[in-house]
Amino acid sequence: MDMKGKLRVTLVASAMLATACGGAATTPSPSIGSTLVIGSAISLTGSQAKEGNLAKQGYDLWYDWIQAQGGITVNGVKHPVSLIYEDDQSKPDLSATLLEKLITAEHAQFILGPYGSAATATDAVIAEKDGIPMVEANGAAQAIFSKGYKYTFGVLSPANKYLTGVIDMAATLSPKPTTVAMLSANDNFSVEVAKAVVDYAPSKGMQVVFNKTYPAAAPDVSGLLSQVKPLNPDIILNSGHLAEAIAINKAAKDLNINAKIFAYSVGPSTPDFVDALGKDANFVYDGSQWTPQVKYSPQFYLSVNQYVLAYKTKYNATAAPDYHVAESTAACLALQKAMENAKSLDPAKVRDALASLDVMTFFGEIKFDSRGINVFKPMVVEQIQGGVHYTVFPPDVANGQPQYPTPAWSQR
Amino acid sequence: MTQRFRPPATALRRLFVGGAAIALVYVVLAPLSSTDAGQQLGLPFLTDRLWFRVATTVAMFVVLASAWNIIGGLTGYASFGNVAFFGLGAYTTGVLVSLRQWPFGLALLLAPVVPALFALVIGIPLLRLHGHYFAVASLGVGVAVGEVVNNLQPLGASTGLFLPIVRSNLLFFYLMLAAAALAVLVTWVILHTRFGYGLLAIRENEEAAAVIGVNTTFYKVAALMIAAALTGLAGGIFAQWNTFINQENVFPIEYNVEMILMAVLGGAGTLLGPVAGAVTLELVILRLAGGGAAAAYSQIGLGVLLAVTVIFLPRGVIDFFGGQSRLSLWALRRSLRETSV
Chain A
52 MDMKGKLRVT
62 LVASAMLATA
72 CGGAATTPSP
82 SIGSTLVIGS
92 AISLTGSQAK
102 EGNLAKQGYD
112 LWYDWIQAQG
122 GITVNGVKHP
132 VSLIYEDDQS
142 KPDLSATLLE
152 KLITAEHAQF
162 ILGPYGSAAT
172 ATDAVIAEKD
182 GIPMVEANGA
192 AQAIFSKGYK
202 YTFGVLSPAN
212 KYLTGVIDMA
222 ATLSPKPTTV
232 AMLSANDNFS
242 VEVAKAVVDY
252 APSKGMQVVF
262 NKTYPAAAPD
272 VSGLLSQVKP
282 LNPDIILNSG
292 HLAEAIAINK
302 AAKDLNINAK
312 IFAYSVGPST
322 PDFVDALGKD
332 ANFVYDGSQW
342 TPQVKYSPQF
352 YLSVNQYVLA
362 YKTKYNATAA
372 PDYHVAESTA
382 ACLALQKAME
392 NAKSLDPAKV
402 RDALASLDVM
412 TFFGEIKFDS
422 RGINVFKPMV
432 VEQIQGGVHY
442 TVFPPDVANG
452 QPQYPTPAWS
462 QR
Chain B
100 MTQRFRPPAT
110 ALRRLFVGGA
120 AIALVYVVLA
130 PLSSTDAGQQ
140 LGLPFLTDRL
150 WFRVATTVAM
160 FVVLASAWNI
170 IGGLTGYASF
180 GNVAFFGLGA
190 YTTGVLVSLR
200 QWPFGLALLL
210 APVVPALFAL
220 VIGIPLLRLH
230 GHYFAVASLG
240 VGVAVGEVVN
250 NLQPLGASTG
260 LFLPIVRSNL
270 LFFYLMLAAA
280 ALAVLVTWVI
290 LHTRFGYGLL
300 AIRENEEAAA
310 VIGVNTTFYK
320 VAALMIAAAL
330 TGLAGGIFAQ
340 WNTFINQENV
350 FPIEYNVEMI
360 LMAVLGGAGT
370 LLGPVAGAVT
380 LELVILRLAG
390 GGAAAAYSQI
400 GLGVLLAVTV
410 IFLPRGVIDF
420 FGGQSRLSLW
430 ALRRSLRETS
440 V
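As given, the protein sequences belong to chains A and B, one line each in that order. For the first sequence, our numbering begins at 52 and goes up steadily by one. For the second sequence, our numbering begins at 100 and goes up steadily by one.
Simulated from the structure, these hints should not be mistaken for lab results. Treat the hints loosely; a few may be bogus.
Label-pair restraints from in silico Cβ distances [to be verified]:
(1) A:G182 - B:A406: 19 to 29 Å
(2) B:T134 - A:N367: 35 to 45 Å
(3) B:D147 - A:K201: 50 to 60 Å
(4) B:T379 - A:K365: 41 to 51 Å
(5) A:G199 - B:T379: 56 to 66 Å
(6) A:D326 - B:A406: 15 to 25 Å
Covered by chain A, per the in silico footprint, the following chain B stretches (three or more residues, Cβ under 8 Å) [stated by the list, open to error]:
(7) 259-270
(8) 305-316
C-beta atoms are modelled at their ideal positions from N, C-alpha and C, and glycine is treated no differently.
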């Protein structure tokens, strides 16, 4: 996609509109309605350009597909789609103005979310004030959904689900692990992940024997791990970031801490983790929003395999799409389905349809609770086995078995 | 007092003042067309939500640039930490409204107070520094305050604060416009009192000012406190207007760069220079925002523009209209002579 001008992606849409308005009807049925405008103020440049562009890839994948279908069918009328981007330059303070510009000047009827929590919160306020439905896929902050806003919906599993899947999985394994050590970075998201585990583990018969936070991006975690060693926990969990996940794994080896499960919220799913640790990365688990291995049976749009293929074809990529891409596409699907269900383009009716949406997609189930959060899609658990990522839990979407227990460092 | 010689009003100047007056009347009155009464009178819609968003943002930067001008332009202390005052003002309102359930009007009264007290505390040590040292130290304060707020759980930490939604565009526009008018009024008063002459004396030669009896520490700290109060007021209005505040959107260091650019471009040390600079620059920034590559190039453009302004129009754009600056070789030579050490 070129980055010139306003990044308008109107191609077919405007052409179709022109013919429709000109009265030169092409095919009589189904009739072609007005062009439907969807806007997104997303980070295409600046510090979050990488993630922002991944989200845009997800939106564009859906856009190509829906245009090939001729648009969204609402009440028997096909509406071509115009998807308009504004680049917020990774500055949340610009996001509000750009969103207002999309809504007022570009006549966006619906909004796809930006990248990042601050921008998402800012946009949620505008969506609420203006009564425009927004579906977002890249704002982790749960606070947005605790304010009673009616017009913002998130297709992501919330932070508190990130590692509870690992606990669920652990409960099915034998010999069953019984003690948990939790190490958490002190940022908002990681703390939320950790708190959920600490609350949840006892219900599965596991005891949290260690629970401490460290400053985010801490250079040295070996001190914390040396406190963990004498407790000899069965499970060592970390909610933090890539660098800390690598550091914890290294320190565990140096200190010869032999837990049965090592699981980290962020890090293991990236290629960097395997590159940095080599075979020491094996047996490590992580929680992920989506993996290319999941086995869902979608009611519409593409299957998981078709989606991966469509991604590789469009972006000439060898690797499967990142979960940022998948969740962004899922946001588009939620919006599309809600319009179809509402049989109307009225923002309030589409909002109501979003609130009552329940649909299975390649990304998993999309259904929102009263706050607008998708609590119904499970997080999946991945494990690195022989340098390759396998989805190992829940069993109905898995393509591998957990290799359990993790062998002692001396026996690898 | 050494007032600079002002030539009689030129046609250019008259044109500028006239144009500005018409624009001001339009900006003040246009929003009324969106009221119910305005609609009953059959007025055409002169504004929409985007208009309000842009106009309120521009008014906000008029406050920020004018406030910076008091410490940076009049006193000669280039502060890179004013954004801390903006954030503190925003958080004062934010905390009181969202966590203490104060009414917004009452909370807003404290928005200038907290930053001003903070300016008093940091001003006494920091304003002992000069030139680059002050600039760097103030930058440190600007960044540090944001980081501290981002880690304080009682202030919402990285989650930020949500205020109750207030839907009135009209309210926030007129509040910000009033703050802008206040900032200009305060500058005018300063320029016409002994206090202002003291600040100018400090800017021109601090030692000499002290010798002739200016209490330099008091003057400098007072100037910083006034700047902080005005900046904090804008922050307080912004908090309720934007509804959501966190470290990223009320402590952005770009705001500090922008307010300096605006004041310098328009004319640092003048009454209306920062106003002209803020209006022009912010409109350009918002015009280009969202343009992808165009936005990136605009950053380069702004840098070039600043360089050109400083070299050819050292007293800013406002001085060009009727002042001494001219786009000529002679003006270039003169400005180089004046600005080189």
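Honestly, do D147 (chain B) and K201 (chain A) meet the 50 to 60 Å range at C-beta?
At 23 Å between Cβs, range violated.
G199 (chain A) versus T379 (chain B) beta-carbon gap, inside 56 to 66 Å or not
Roughly 40 Å apart at Cβ, these two residues miss the hinted range, so it is violated.
Take the stretch 305-316 of chain B, compare each residue's beta carbon with every beta carbon of chain A, and decide whether three or more fall closer than 8 Å.
Result for this restraint: violated, n = 0.
CB-CB spacing for A406 (chain B) and G182 (chain A) relative to the 19 to 29 Å hint:
For A406 (chain B) against G182 (chain A), whose Cβ atoms are near 46 Å apart, the range 19 to 29 Å is violated.
Cβ distance range 41 to 51 Å for T379 (chain B) and K365 (chain A), holds or violated
holds, 42 Å
Starting from the hint 15 to 25 Å, judge whether the C-beta atoms of D326 (chain A) and A406 (chain B) obey it.
violated, 44 Å
Hint says 35 to 45 Å; check whether the CB-CB distance for T134 (chain B) and N367 (chain A) agrees.
violated, 55 Å
Taking beta carbons only, do three or more residues of the stretch 259-270 of chain B come closer than 8 Å to chain A?
holds (count 4)
Of the hints listed earlier, those the structure fails to meet are numbers 1, 2, 3, 5, 6, 8, in rising order.
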